[in-house]
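Colleague: What follows is each chain in one-letter form.
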Amino acid sequence: MYTFSSKLKVFSFVLIVLGILGIGYSFLTAPKTIEDVEKILNEEAAHGHGGHHAEASHHDAEFTAHGPAAEESHEGHVEKAHGHEATADAHHAEAAHDHDEHHAHLEHVLHQLKNKPWAALYVPALFFMLISLGVLAFYAIQNAAQAGWSPVLFRVMEGISAYLVPGAVIVFLLLVAGVLDLHHIFIWMDEEVVKGDHLIQGKSGYLNGTFFLIRAAVFMGGWILYRQYARKKSIAQDEATDNLNFKKHFKASAGFLVFFIITESIMSWDWIMSVDPHWFSTLFGWYVFASFIVSAVTVIAMVTLYLKSKGYLEYVNNSHIHDLAKFMFGFSIFWTYLWFSQFMLIWYADIPEEITYFVTRIEEYNLPFFGMVVMNFVFPLLILVNSDFKRLSWVVVMAGIVILCGHYLDFFNMIMPAVVGDRWFIGIGEIGSVLFFLGLFILVVFTALTKAPLLAKRNPLVEESKHFHY
Amino acid sequence: MSSHYEAPIRKPLIIGDKNYHDVTVDVARPVEGRANKQWWIAFTIALAAFLWGVGCVAYTVGTGIGTWGSNKTIGWAWDITNFVWWVGIGHAGTLISAVLLLFRQKWRMAINRSAEAMTIFSVIQAAMFPVFHMGRPWLAYWVMPIPNQFGSLWVNFNSPLLWDVFAISTYLSVSLVFWWTGLLPDFAMLRDRAITPFTKRVYSILSFGWSGRAKDWQRFEEVSLVLAGLATPLVLSVHTIVSFDFATSVIPGWHTTILPPYFVAGAIFSGFAMVNTLLIIMRKVSNLEAYITIQHIELMNIIIMITGSVVGIAYITELFIAWYSGVEYEQYAFLNRATGPYWWAYLLMMTCNVVSPQVMWFKKIRTSIIGSFIISLVVNVGMWFERFVIIVSSLHRDYLPSSWTMFQPTFVDAGFFIGTIGFFFVLFLLYSRSFPVIAQAEVKSIMKTSSETYKRQREEQGNDNHSH
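For the protein sequence lines, the chains are L and P, in the order given. If you're matching positions, the first sequence starts at 5 in this note's numbering and goes up one per residue. If you're matching positions, the second sequence starts at 3 in this note's numbering and goes up one per residue.
Quick caveat, the hints were computed from the structure, so don't treat them as lab data. Even glycine gets a Cβ: it sits at the ideal position worked out from N, Cα and C. Please note that the accuracy of each hint is not assured.
Said to hold, decoys possible - Heads up, simulated DSS-like pairs for lysine-lysine below, C-alpha to C-alpha not over 30 Å straight-line: (1) L:LYS251 with P:LYS366; (2) P:LYS365 with L:LYS461; (3) P:LYS457 with L:LYS470.
Stated by the list, open to error - Which bits of chain L does chain P cover? Going by a derived footprint, with three or more residues having C-beta under 8 Å, they are: (4) 198–207; (5) 349–358; (6) 361–372; (7) 441–454; (8) 463–469.
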């Protein structure tokens, strides 16, 4: 049995407390009124950010001209879909209503800045929940495929997937908060915006608060149900005299994978793609999947290495690590494949309604956007291609840290441009949120690991796994 | 590579009391024996179809592309449909030999040789379409970036059709090398068994002097692994590039980002269906039922079921996003697929590809030879229609209603396609009589872990868990 070391427990509490302080600070310092924003902008101008401000201001002039939709909207690209009329009107607006325009710009920035702490919270909340969901999917695949190498890691995977319960609850609460109008991460939830936007109106049969929350509840319920059932069967198999639990578990895994492949796509449209309600991409669901499955395998490898280093995983050898590292390597390339496919096809055809998505990212998020490709592809490609390196703990941990940071950035790039636009910054709010969820994750996962023996005893394939050498 | 211990719940992959010598004899028998009447009948039919195809191609090249049913609106129809279909079929071969090798699937060993042969023969069929659908195929060499006397006039590297040239030619060469490397020990086996000086000579040349020393085997395995590691991204990228032919365009119904992985999934789907069809016949006529067992067929069926579901998800995603996009052209493209003049093709594609593989959830059907055979054929029909629907239904009605039209294939379109099917079977039938259709060296390597005999022995004498 694993005992949660008090040092690690204290560490997780420290992370949680630091995280709460950071989150609290970012909420408290977020501007509340237009006057606050004016002050911030003046300060920025004084510090030489004038150019940036002016540019944003012009950008917003086009925005305002489009009417209430644009006024309320937080997106850089909304107006570009209607670029033609908006620009024409903008010239008119610029001349006539200089004052109004300035006011509208301030309001726009206010919305972005008000959203910033919420988005900072939402990105890691989603990221950590999807990691544990990814672990669950990987676990189901291992079971359904009757893998012979991984059963000694099953309890580790079960432990990590324990975070799915609190993680899903937190994400669900954040979605509810959106529907209750506490934040504006999803602008289609804003009735004012919908009134002035016929494109969103066309989608309201799908994008509406009630249906959105029902879907979220069903998806999360389904995932948690499988997680709890699989865990129960896995533990029951330890003491069983036959393989009945194993067989039931096998069937449940296959069923879950079908449910997962459907809900995963829809989940990514709902919780991520809909922050840009004008934009769409058919590949998006699978792209999101690639991003969190590689992070999930990385987390499995890192937790395994930690437990092994503390002497808890007797049967795990460097061949198991080698296999996990291969999956990290393979999924990193798979992620890049999907990233490139999505990016290149949209870049190549250059259709206005799609291209804005990448235009805002390349213009305003240049470093995070291309930086993540280096972190998620170039780095793991060069490091993990070597077979000997894949057996070295420190190499796997180092590559793992880069991959996890890279995929956090990936989610950051998916959410932030729509929500805070060019007001993004990785500051106290963002780091605090990550620390909070990291602390919670460690606390939940390692507590779950203490609840059952770390070796799935009577799994029919565990003997193969114990003797696994590659 | 793998441990000597194998879980008792795993079913044997070699059934009947076979020893090493039996494997050799069973694999060599079709090569060493004489062809029977049925083989000659099949070969004659295939050859006739092939020659008919040659005639149709000659007629096309001599008279012009206007002999086909394509028109001003629908510039691509059967030619590219067949091209994508054949490339797709070819993918299962690499998948079985490379991806299943990376995933250490021992069951691949009985089927990889034939799957790779199928890859090579179908890529050859595929490669003919890009050449003969050209208006001036005799200038085809202009697609190569070769220094020349037009002031060194080069190709534009921005076109996915050029990427196709590189993708297909690389794919064919790598697959051929991968296949041939694996054949060396097996050709050596045939060489060593040869009785007539002629066959001795032939297999001596083909086997490159393989003598099976430890060092050779060590390098052989290393090469296989590296090639598998290279072939896997290759197989993904090749069909991805084929999908780019459509996805990079601005045609509603073509321009969609899911096309790359969805084409790849479809390729695995149709490729496995073809492998299944061929192997169900081959295990019977070549007496290889001890090696290509029901379990092999079941596992192929499961892969067909999984990839069929992935393709199904992609269909639904496309439909949903077309609605969600709010782009009326996109919405109409899908409405037209479902309710336009080609509704029957769309319905066929949906039933064959999405509904039919779902029956594989029933163990009774996926372990039945007849059931698997029928579904495999159905899948290949469905996948042909998938490409047809994507290509033709998106082209025949797009932005300008004044250019809407229909497509009517001519006998030349059909003749070319029939010709490639004939050519494929000519090659495959010749292969099955002259090549070792099962990688005997690989099958022998799993004899002690996965044959029925050894499994029974282990069960009787108890498992020695700690033998490494």
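Colleague: Give a verdict on every hint.
Modeller: The hints, checked one at a time:
1. L:LYS251 with P:LYS366: Answer holds: LYS251 (chain L) to LYS366 (chain P) is near 18 Å, not above 30 Å.
2. P:LYS365 with L:LYS461: 29 Å, holds
3. P:LYS457 with L:LYS470: 20 Å, holds
4. 198–207: holds (count 3)
5. 349–358: holds (count 6)
6. 361–372: Violated, because only 0 residues of the segment 361–372 of chain L bring their Cβ atoms closer than 8 Å to Cβ atoms of chain P.
7. 441–454: Not satisfied, violated; 0 residues make the cut.
8. 463–469: holds (count 4)
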